[in-house]
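2 protein chains.
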Amino acid sequence: MSNQHIGFIGLGIMGQPMAGHLLDAGYPLTVYNRTPSKTEDLANQGASVADSPSQAACQADVVITIVSDTPDVAQVIEGPGGVLEGISSGAVLIDMSTVSPALEQRLDGLLRQKGASLIDAPVSGGDVGARNATLAIMAGGDQKAFERVRPILEVMGRSITYCGPSGSGQLTKLCNQILVSVNLLAVCEALSLASRNKLDPMTMIEAIQGGAAGSWQLANLGPKIASDDFDPGFMIDLMQKDLRLVAEAAGASNTPLPATSLVHQLFQSSQAWGEGREGTQALAKVLRRLASG
Amino acid sequence: MSNQHIGFIGLGIMGQPMAGHLLDAGYPLTVYNRTPSKTEDLANQGASVADSPSQAACQADVVITIVSDTPDVAQVIEGPGGVLEGISSGAVLIDMSTVSPALEQRLDGLLRQKGASLIDAPVSGGDVGARNATLAIMAGGDQKAFERVRPILEVMGRSITYCGPSGSGQLTKLCNQILVSVNLLAVCEALSLASRNKLDPMTMIEAIQGGAAGSWQLANLGPKIASDDFDPGFMIDLMQKDLRLVAEAAGASNTPLPATSLVHQLFQSSQAWGEGREGTQALAKVLRRLASG
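For the record, the sequence lines run as chains A and B. Heads up: the first sequence runs through residues 7 to 299, numbered per my numbering. Heads up: the second sequence runs through residues 7 to 299, numbered per my numbering.
Simulated from the structure, these hints should not be mistaken for laboratory data. Be aware that a few hints might be false.
Repeated chains share a single entry, so a pair holds when one copy, or any two copies, can fit it.
Okay, derived cross-link-like pairs now, SDA-like style, lysine to any residue, Cα gap no bigger than 25 Å in a straight line [claimed, not checked]:
no., residue 1, residue 2
1, Lys230, Gly216
2, Lys247, Pro264
3, Lys291, Ser267
4, Lys247, Gln81
5, Lys230, Gln215
6, Lys291, Leu268
Note that the coordinates shown come from a computational prediction; the quantities given were computed from them, not determined experimentally.
Input sequences plus hints: build the corresponding full structure.
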C-alpha cells in the first residue's frame, strides 16, 4: 500500500504535521506550498518539492489538498497550474479543507471528467489532532474510492467515517461546527448567569458536567473562561469562516438555524472588538459586554 | 444518624421513590401529600402519615419538600398548616423543588427567625435518577447545616455538591437548564441541516460525538430525534417552567441570555401545537415546521 505516490498540497499548521505522518508511514511524497519555505522541513525528511499543484499531482496516485478557504481550494484545483491540469485518470483527490458542500459537488463533476475521483474529507481536532494523528475525518464521495484511500486517512486520524455521497463530509463538518458553537454559547450564558449572581463558576461546572448538561465545550472551555484564558485553541476568525459556510448551506437548503445564526452574529462583536484571533471561548467577553455598561 | 426523624412533603414522581430510599435506609419518616392516596405505599412500608405539612414537620429533625412549582413551595411552607407553623428550632428544611433563588433567600430569612435552617437542594436526573438514587443534588445555604444533612442527601443522590450561600443550589440548577436546553437546540439545528441535505443523521452523530461537538444531549436525544421518538424523559411543559425561572433570575441580575431566551420562545411553539407533554427533544418538530411550508 505504501508505494502509492502521494501529492500533498497545503503545508499550514494542519498540513505540515499530516504530511509528516505520511512520510513516516513510508509513502513517497511530493509536496507543494504557496510559500515555498514551508516545504523545507519535509524536503529534509525525504519529500520531493513541486513548483505547482499540477506538478505535485502529475505522478500521484492520491492527491491531498488542505488549504484555508473556498477560493484557495478553487485556485489550487481549478486555477492555472492547478491539480486538474496534472491529475491522472484513476487517481483520487482528497480535499481535507473545510469548504462548501456545493463546491465539492461541482469539483467532483470536473474530476470525473478526467477519470479521477474526489473525496471530501474535512477534519476536526485542530492542530493538536494533526500533530498527534488523532483527527476525526468525515468523508464524502464515491465509496469505492473512499475505501481505496482509507489506509491513508488512517495514518492521519483516529476516527474515520464515511458519511455518504459527494459533499457529505463537508455537511457533517458543518453539523459539527453548529454543535461546537451553539454549545459554547450555552456555556457562556450559564457562566454569565453564575458570575453575575456570585456563584463560583468552577463549583457550578463540577456540579453539573456529569449529567444532562454535560458537553466537551463545558468541560474544556468552561474552566478557561472561568480563569480568563482566551488563548486560541481554535480562533474566532476561523469559526466565523465555517459559520459562513453553514449559513450558505442552510440558505441553499432553506433550513432556518436560529441559534447558529445568533452565535454567528455575536462572534461578529468579537471581531468588531479586535478579538478575532482569540480562542472561540472569548465569546464569553461578548456576553460580559452585553451585561455591564 | 438514622434515628434522625424526617418529615417528607411531596410524593410525586420524584418524591415517592426518594422517600422510599430514606425508609429503606432506616430513617423514621412522616409523609404528607396533598392527594392523600399517594401516601398509601409508603404507609404500608412503615411511614407515618401526617394531615398537614405542619404536622409532618413538628416532630422532625429534618424536613424535606419536593413539590412542582414556586406557588406550591410557598403554600406548603408559608401557607396555613405549613411547615413554618410546625418546624422546631434547630431543625433543617431541605427544599428539593426547583424554584427561584429569590424565593429560597426569602424563606431562609423566615426559617432563621424560627431558629431553623433552609438548604435549597434541587436535583437533576429525572424520575430515573430518583428511582435509582443517582440524582445530582446541588445545594445552597448554611454550610454547617448542609454538612449535617449530607448523609441524608447521599441516600437519594450520587453527586452531592455544596454550591454556596442560600439560593446557590437553585442558581446552579438554572445554569444546568440553560446548558440542557441550548445544547438541545444545537442538536436540533444540526439534525435539521443534515436531514434537509439527505445526510444520514445517525452517521453524522457517530462521526462527531467523540469530539468537540459532543454532549449528553447529542448522545442521548440525538438518536431519539433521528427515530421520531418524542416520548418524555423530561417534558417540555416542565422545561418551560424552569426557563421562566431562568428568565426571572436573569432579569433580576440584568443578565442578557440571548440563546436561552430563543429556546424558551421556540418551546412556546411546541406548547402552541399541543406538544407540551412530549419530551424536550420534540423541539426538533419546531425546526421542522420552520423549514417546510
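Original post:
How would you classify Lys291 and Ser267 at a CA-CA limit of 25 Å: within, between, both, or neither?
Top reply: both (18 Å within a copy, 19 Å between copies)
**OP:** Go through the copies and call it for Lys230 and Gln215: within, between, both or neither, with a Cα cutoff of 25 Å.
**Re:** both (15 Å within a copy, 22 Å between copies)
**OP:** Up to 25 Å between alpha-carbons, please classify Lys247 paired with Pro264: within, between, both or neither.
**Re:** Both. Shortest intra-copy (18 Å) and inter-copy (22 Å) distances satisfy the 25 Å Cα cut-off.
**OP:** With 25 Å as the alpha-carbon cut-off, assign the pair Lys291 and Leu268 to within, between, both or neither.
**Re:** Intra 15 Å, inter 20 Å, cutoff 25 Å: intra and inter.
Subject >> Status of Gln81 relative to Lys247 across identical chains (alpha carbons, at most 25 Å) >> reply: within (17 Å within a copy, 53 Å between copies)
**OP:** Indicate which option fits the pair Lys230, Gly216 if close means a Cα-Cα distance not exceeding 25 Å: within, between, both or neither.
**Re:** both (18 Å within a copy, 20 Å between copies)
The structure meets every hint from the earlier list without exception.
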